[in-house]
Amino acid sequence: MFDLQGKSALVTGASGGIGAAIARALHARGASVALSGTKVAALEALRDDLGDRIAIVPANLGVPAEVEDLARQAEEALGKVDILVNNAGLTRDGLAMRMKDEDWDAVIAVNLTAGFRLARALMRGMMKRRWGRIVGISSVVGVTGNAGQANYAASKAGMIGMTKALAAELASRNITANCVAPGFIRTSMTEVLSDEQKARINATIPAGRLGSAEEVAAAVLYLASEEAAYVTGQTLHVNGGMAMI
Amino acid sequence: MSDIAERVKKIVVEHLGVEEAKVTENASFIDDLGADSLDTVELVMAFEEEFGVEIPDDAAEKILTVKDAIDFIKANTAA
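If you read the protein sequences in the order shown, they are chains D and G. Counting from 1, one number per residue, gives the positions in the first sequence under the numbering used here. Counting from 1, one number per residue, gives the positions in the second sequence under the numbering used here.
Calculated from the structure, these hints are not laboratory results. Note that this is a predicted model, so its numbers are computed, not measured. Do not take every clue at face value.
To be verified - From the derived model, a few chain G residues whose C-beta atoms are all more than 10 Å from chain D:
{"#": "1", "residue": "5"}
{"#": "2", "residue": "20"}
{"#": "3", "residue": "26"}
{"#": "4", "residue": "50"}
{"#": "5", "residue": "53"}
{"#": "6", "residue": "54"}
{"#": "7", "residue": "55"}
{"#": "8", "residue": "56"}
{"#": "9", "residue": "58"}
{"#": "10", "residue": "60"}
{"#": "11", "residue": "62"}
{"#": "12", "residue": "71"}
{"#": "13", "residue": "75"}
{"#": "14", "residue": "78"}
Said to hold, decoys possible - Quick list of in silico lysine-lysine cross-link-like pairs, BS3-like style, CA-CA up to 25 Å:
{"#": "15", "chain 1": "D", "residue 1": "164", "chain 2": "D", "residue 2": "128"}
{"#": "16", "chain 1": "G", "residue 1": "22", "chain 2": "G", "residue 2": "62"}
{"#": "17", "chain 1": "G", "residue 1": "10", "chain 2": "G", "residue 2": "22"}
{"#": "18", "chain 1": "D", "residue 1": "80", "chain 2": "D", "residue 2": "164"}
{"#": "19", "chain 1": "G", "residue 1": "9", "chain 2": "D", "residue 2": "128"}
{"#": "20", "chain 1": "G", "residue 1": "62", "chain 2": "D", "residue 2": "128"}
{"#": "21", "chain 1": "D", "residue 1": "80", "chain 2": "D", "residue 2": "128"}
{"#": "22", "chain 1": "G", "residue 1": "74", "chain 2": "G", "residue 2": "62"}
{"#": "23", "chain 1": "G", "residue 1": "74", "chain 2": "G", "residue 2": "22"}
{"#": "24", "chain 1": "D", "residue 1": "128", "chain 2": "G", "residue 2": "67"}
{"#": "25", "chain 1": "G", "residue 1": "74", "chain 2": "G", "residue 2": "9"}
{"#": "26", "chain 1": "D", "residue 1": "128", "chain 2": "G", "residue 2": "10"}
Backbone N, C-alpha and C define an ideal beta-carbon position, used for all residues, glycine too.
With the sequences and hints as input, model every part of the structure.
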């Protein structure tokens, strides 16, 4: 099950906790993986850890030209990209009344627009080869909303809508498009929370704990696999039951 | 020049899986040959590759028949 030998994947945001776990999971099943991110040292450390079948393609997804370059570089480095994982994302939280235009724009540009541009650039090769997987890392917040995250929630909801449109366009070519929507996941972002904050969060999660990056990566692996060929336009929620949608 | 027409027709036959006899110059990809919109995008991609030409989006939109494709390629490739 879930054999990815001979497949090539591009993972954005691979210097982060969830992105690195996704890259590891795909690589472990035999895929060649292009790691993208802004923190080159972290990408290199991950490559050193994983060994062969790894390429490093740094990019700042907030810069449109770099996004176009990234698609090209990944295809050059790996020969092709069969699996695109749009994982890169950032937050610029603030109450809507006080949210600056640049904080809105920055979040939409990286979390949503860059993912669209990468999909647009890479679907050409996927269509020719009659095989492709586009997986977007959305968020529970994209479905439930969250105070202080109008920009982030919009970007993550936008990704779900975009994914459904891509799924409808590409299904006949054996290309699927799906989202994984994590809830609260243990990463460097959540490590800084106090015990009291963590306890308060855990109380809202039926599973009673935060999720792990590996649990998100497993969902991505499934959607990237041959076995998930008949699943498209869907959002797989990985959230310990905190939102049942 | 007829070579271009033959090559275009061959691509259309292969890509859309239609009988060669149906691929007349005036055949419309969508109305006569059963192509959907994604097929037309793929055909343009295949033409670009076969003939080494770039077909901009505004030109691609006007390529509706086999003849449109042949004319565009003739006009945009070195003789």
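A quick look at each hint next to the structure:
Annotated as non-interface, residue 5 of chain G keeps its C-beta farther than 10 Å from every C-beta of chain D; the closest such distance is 24 Å. For residue 20 of chain G, the shortest C-beta to C-beta distance to chain D comes to about 23 Å, beyond the 10 Å cut-off, and the non-interface label holds. Residue placement check: residue 26 of chain G keeps its beta carbon more than 10 Å from all beta carbons of chain D (closest about 27 Å). With 10 Å as the threshold on Cβ separation, the claim that residue 50 of chain G sits away from chain D holds: the shortest Cβ distance comes to roughly 13 Å.
Taking the minimum C-beta to C-beta distance to chain D, about 16 Å, the non-interface status of residue 53 of chain G holds against the 10 Å cut. Residue-level check passed: residue 54 of chain G sits 13 Å from the nearest beta carbon of chain D, beyond 10 Å. Non-interface status of residue 55 of chain G relative to chain D is upheld: no Cβ of that chain comes within 10 Å, the nearest being about 13 Å off. Here residue 56 of chain G stays apart from chain D, with its beta-carbon at least about 15 Å from theirs, past the 10 Å limit.
Remark: the non-interface label on residue 58 of chain G is consistent with the geometry, its nearest Cβ contact in chain D lying 17 Å away (cut-off 10 Å). A cut-off of 10 Å between C-beta atoms confirms that residue 60 of chain G is not in contact with chain D; the least separation is 13 Å. Every beta carbon of chain D lies more than 10 Å from that of residue 62 of chain G, the smallest distance being close to 21 Å; the non-interface claim holds. No Cβ of chain D comes within 10 Å of the Cβ of residue 71 of chain G; the nearest lies about 25 Å off, and the non-interface call holds.
Residue 75 of chain G, annotated as away from the interface, keeps every beta carbon of chain D farther than 10 Å; the closest lies near 24 Å. Interface exclusion of residue 78 of chain G from chain D stands, the closest Cβ pair being 25 Å apart, more than 10 Å. Between residue 164 of chain D and residue 128 of chain D, the direct Cα distance comes to roughly 21 Å. Compliance with the 25 Å bound is thereby established for this hinted pair. The straight-line distance between the Cα atoms of residue 22 of chain G and residue 62 of chain G is roughly 21 Å, inside the 25 Å bound, and the hint therefore holds.
The hinted pair formed by residue 10 of chain G and residue 22 of chain G meets the criterion: a straight-line CA distance of about 12 Å does not exceed 25 Å. The hinted pair formed by residue 80 of chain D and residue 164 of chain D meets the criterion: a straight-line CA distance of about 24 Å does not exceed 25 Å. Between residue 9 of chain G and residue 128 of chain D, the direct Cα distance comes to roughly 19 Å. Compliance with the 25 Å bound is thereby established for this hinted pair. Straight-line distance between C-alpha atoms of residue 62 of chain G and residue 128 of chain D comes to about 23 Å, which keeps the hinted pair within the 25 Å bound.
Our distance criterion of 25 Å between C-alpha atoms is met by residue 80 of chain D and residue 128 of chain D, whose separation comes to about 11 Å. Distance restraint check for residue 74 of chain G and residue 62 of chain G: the Cα-Cα separation of roughly 15 Å lies within the 25 Å cut-off, and the hinted pair is therefore satisfied. Between residue 74 of chain G and residue 22 of chain G, the direct Cα distance comes to roughly 22 Å. Compliance with the 25 Å bound is thereby established for this hinted pair. Distance hint between residue 128 of chain D and residue 67 of chain G is fulfilled; the C-alpha atoms sit about 24 Å from each other, no more than 25 Å.
About 14 Å separates the Cα atoms of residue 74 of chain G and residue 9 of chain G, which keeps this hinted pair within 25 Å; it holds. With a C-alpha separation of about 17 Å, the suggested pair residue 128 of chain D and residue 10 of chain G falls inside the 25 Å cut-off, and the hint holds.
When held up to the earlier numbered hints, the structure conflicts with none and fits them all.
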